[in-house]
Amino acid sequence: MQNQKIRIRLKAFDHRLIDQSTAEIVETAKRTGAQVRGPIPLPTNRERYTILISPHVNKDARDQYEIRTHKRVLDIVEPTEKTVDALMKLDLAAGVDVQIKLN
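Using full-length UniProt numbering, you'd call the opening residue of the sequence shown number 1 and step up by one each time.
Hints may be right or wrong, so weigh each one.
[As the list claims (entries may be wrong)] Distance ranges between label pairs, derived from CB positions:
| # | residue 1 | residue 2 | range |
| --- | --- | --- | --- |
| 1 | K101 | Q20 | 41 to 51 Å |
| 2 | A61 | M88 | 50 to 60 Å |
| 3 | I53 | L102 | 46 to 56 Å |
| 4 | L102 | R62 | 17 to 27 Å |
| 5 | A94 | H56 | 16 to 26 Å |
| 6 | I67 | N3 | 33 to 43 Å |
| 7 | K82 | I53 | 17 to 27 Å |
These are computed hints drawn from the structure, not numbers from a lab.
The C-beta atom is built at its ideal place from N, Cα and C for all residues, glycine as well.
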């Protein structure tokens with residue numbers, strides 16, 4: 001797998017889960033002899049929702065909720081066959097979305 005690069009994008013609502021998953025991926029890749037660039041933290045996406053808590057009057061009575069989506073990017077440069085096999089067998093947390101691109 002010469003001159004190839006694996007780009008791994010991780011998304012999660014909990015920053016502790018995403019940090020734990022990136023640490024597992026980096027440790028696995030380094031153990032199998034690949035060079036890792038990252039993890040690079042991307043901007044956190046915040047979705048805010050405002051809801052009226054009164055059914056009839058009191059327009060000023062509102063609740064605000066927020067969902068934060070944390071993102072990280074990892075680049076694995078010149079991965080070996082052992083690296084790809086180890087990454088395929090890696091079991092990550094359930095709350096983490098993983099996207100893998102091969103360049």
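Quick rundown of the hints versus the structure:
Distance hint check: the CB atoms of K101 and Q20 are about 22 Å apart, inconsistent with the given range 41 to 51 Å. Taking 50 to 60 Å as the suggested C-beta distance range, the pair A61 and M88 conforms, at roughly 52 Å. Take I53 and L102: their Cβ atoms lie about 49 Å apart, and the range 46 to 56 Å holds. For L102 and R62, the hinted distance range of 17 to 27 Å is not satisfied, since their beta carbons lie about 47 Å from each other.
For A94 paired with H56, a C-beta distance near 41 Å fails the hint of 16 to 26 Å. Checked against the hint of 33 to 43 Å, the pair I67 and N3 passes, with Cβ atoms roughly 39 Å apart. At roughly 56 Å, the beta carbons of K82 and I53 sit outside the given window of 17 to 27 Å.
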